[in-house]
Amino acid sequence: MIASLLRAASAWRDPNRAEGVALRRRLRETSLLSTEGIELALTEHLETNISPEDLAEMRRRAAPHAAPVVHVMLAGNVCVAALRAVAFALACADEVVVRPSRRDPALAEAIAEVCPAVTLADALHPEPDHGVHLYGSDETLDALVVPGRVLRFGSGFGVAVVHDEVDGVVQDLVAFDGAGCISPRVIVAHDPERTLDALHEGLAASTVPRGALRDDDRAALARARITYAAVGSWRQGHHHALALDPSPEAMTLLPPLRAALVVPAEGVERWLPAESITVIGGEGPMAERLGRHAPLARRARLGFMQRPPLDGPVDLRPLGARDRSRPGP
Amino acid sequence: MSDALHDRVQAFIEGAGTSFDALACDIARHQAAHVAPVGRLYASQGIDPATLTTAAAIPALPTDVFRLRRVAVVGDDERVFHTSGTTAEARGRHPMRRVDTYRRGALAWGKHMLFPDVEQLRTVALLTAEADAPGSSLTFMVARFAEALGGDVSYHWDGAALDVAGVRERVGEAPLLVAGTSFAFVMLLDALDGSPLPLPAGSRVMQTGGFKGRTREVAPEALREQLATCFSLPLSKVVAEYGMTELSSQLYQPGVRDDDEDVRYQAPPWLRVSAVDPTTLAPLPEGEVGLARFVDLANVDSSVAVLTMDRVRVEGDLVTLLGRQPGATPRGCSLALEPFMEPA
Chain A
1 MIASLLRAAS
11 AWRDPNRAEG
21 VALRRRLRET
31 SLLSTEGIEL
41 ALTEHLETNI
51 SPEDLAEMRR
61 RAAPHAAPVV
71 HVMLAGNVCV
81 AALRAVAFAL
91 ACADEVVVRP
101 SRRDPALAEA
111 IAEVCPAVTL
121 ADALHPEPDH
131 GVHLYGSDET
141 LDALVVPGRV
151 LRFGSGFGVA
161 VVHDEVDGVV
171 QDLVAFDGAG
181 CISPRVIVAH
191 DPERTLDALH
201 EGLAASTVPR
211 GALRDDDRAA
221 LARARITYAA
231 VGSWRQGHHH
241 ALALDPSPEA
251 MTLLPPLRAA
261 LVVPAEGVER
271 WLPAESITVI
281 GGEGPMAERL
291 GRHAPLARRA
301 RLGFMQRPPL
311 DGPVDLRPLG
321 ARDRSRPGP
Chain B
1001 MSDALHDRVQ
1011 AFIEGAGTSF
1021 DALACDIARH
1031 QAAHVAPVGR
1041 LYASQGIDPA
1051 TLTTAAAIPA
1061 LPTDVFRLRR
1071 VAVVGDDERV
1081 FHTSGTTAEA
1091 RGRHPMRRVD
1101 TYRRGALAWG
1111 KHMLFPDVEQ
1121 LRTVALLTAE
1131 ADAPGSSLTF
1141 MVARFAEALG
1151 GDVSYHWDGA
1161 ALDVAGVRER
1171 VGEAPLLVAG
1181 TSFAFVMLLD
1191 ALDGSPLPLP
1201 AGSRVMQTGG
1211 FKGRTREVAP
1221 EALREQLATC
1231 FSLPLSKVVA
1241 EYGMTELSSQ
1251 LYQPGVRDDD
1261 EDVRYQAPPW
1271 LRVSAVDPTT
1281 LAPLPEGEVG
1291 LARFVDLANV
1301 DSSVAVLTMD
1311 RVRVEGDLVT
1321 LLGRQPGATP
1331 RGCSLALEPF
1341 MEPA
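Sequence order for the protein chains is A and B. Numbering follows our numbering, with no gaps: position 15 of the first sequence is 15. Numbering follows our numbering, with no gaps: position 282 of the second sequence is 1282.
Please keep in mind that the hints were generated in silico from the structure rather than gathered at the bench. Mixed in with the good hints, there may be bad ones.
Derived, one-sided and incomplete: chain B residues facing chain A with beta-carbon distance under 10 Å [stated by the list, open to error]: (1) Ala1057; (2) Leu1068; (3) Val1074; (4) Gly1075; (5) Val1289; (6) Leu1291.
Covered by chain B, per the in silico footprint, the following chain A stretches (three or more residues, Cβ under 8 Å) [claimed, not checked]: (7) 208-218; (8) 250-264.
Glycine is no exception: its CB is placed at the ideal position from the N, C-alpha and C atoms.
Could you build all of it, start to finish, from the sequences and the hints given here?
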């Protein structure tokens, strides 16, 4: 079933095929990304194949969570995220019921059209022996009381470690406008001032515009701007925003609007919450140190933070930040 | 260093005819020189503190900065108040070099709004005792109220559970001030399960704060009505207080003093509230809804102008609270709460 799902994904990726045209049209209605952002997501980030090794790993991770039916509640607008979530659910069960994001149901709808094992539902009613995969913020998931065998994929963010080159992290940040749970929201830099300027320049040169901002987005950016004016530095372009905190004492995240916080490497483990880190991008001793700090986070080269192997959920932390006592994927 | 400013603010609180704007600007100049984040904020906006002439022109520091940096003059702190918080994010803190200005302002406005008619009240605090919660500005304030009202005070929250039996025992014949957080009051109502707990005539209730996921949430006016019913008090004697760790002054619903049921809040003369546009941060005309911007003269050694995330409508000296400003549009994994299960 995963193979047929990926064959369909190949058609969605192709802008010249009818399926690809239709999905693009639908995503322009539902996604908060720009047209170029949608194109980038479909052509560069939608999974269309899986290696035997990754398939084996996916199945290994799914095995403890095998169930007759898996119910999936999807999060918002990482517009290609439904594919991996459904693929993992299909590795766990022969029948999958999906409650799509109400705001952006496009890919889930497309999947249900081509995949007989997948049905959509406005609400989920799992039986006690069913699996339930919940994707969303910790606040959302904490508020749910759900029967069944629950796997939570809660709030999280990516951390990129930058030495000199910023091209890779620019790509990672442009994808999905930096809104995914593996998007780099914190950038650990050996030379923060230089990295801030280089990132500002690199993001300004991106040919993929950010999705249109809404009033609440503009307000969140305005607040972040004056907050970081008081704390460190702020750079804002037409389609991005960056802050520098030269001596961070506590964790904070910029709004998920192609925006990131640049911080120095020294002492980062003191304030960066390990349990919230989903992926660490970059290489070298600092990335290794962070890897020991957050051992459940995926590791990736810069430029590939948003392209993890299709070997399971993107978020490998067992059950989100709140509860590590139960086995995860 | 700022002792003269403290003296001037305390004189203002006592009714001395100083100019609010002049005093606010003098405090801003002191802070620009001695409170690092304030100085950086002014510099980033090209504000020369020497040229400030109106409180409206003072850049307001977002409350977020209190989580990220020390917002206070350098030196010994008499107290450090902490924000409450249930998230993984760091809690904010408000160090105070001197607390006497805070105390004088809180007592003056508390007496004006909450106990203008009595010299003595027994205080029942649904709060942790001050010795166990030295970082709570709310507990500090209520403890000072209790001292001013005769010193008969009891605390009934241990950080995890409410001492309902203790609250019941405290209800005697002399009037009470029952003060606590909204979630503690909801816990009390739930524990009483509909049975009344009539308070003696002359009693009053002060509730403050939100729920932070600790209990079921009850709409403010519904909670007010439920408390009035439970305690057999007129609705006007159940009032809400609005305060925050980042401020040194408080607002109250005027019911106890005015014997009305107005849901709006009144600020003291030393606290000026305005609404600003959330995007441009420019001041809005009276009556329009925007983010609450406070100029609090009692914030002598931190930031005299503070920008919050609370949405307000300001009409004269009355403020309507309209909830929190939402963050950026939920995207990606920041999914807003949507129902998981609905009726089949």
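For each hint, the structure was consulted:
1. Ala1057: Where the cut-off is 10 Å and the nearest Cβ of chain A is about 15 Å from Ala1057 of chain B, the hint is violated.
2. Leu1068: holds, 5 Å
3. Val1074: The hint is violated - Val1074 of chain B has no Cβ within 10 Å of chain A, the shortest such distance being about 15 Å.
4. Gly1075: violated, 18 Å
5. Val1289: It is violated, given that the least Cβ distance between Val1289 of chain B and chain A is near 12 Å, above 10 Å.
6. Leu1291: Status holds, d = 8 Å.
7. 208-218: holds (count 5)
8. 250-264: With 6 residues in contact (Cβ-Cβ under 8 Å with chain B), the coverage given for the stretch 250-264 of chain A holds.
Against the hints set out earlier in the document, violations occur for numbers 1, 3, 4 and 5.
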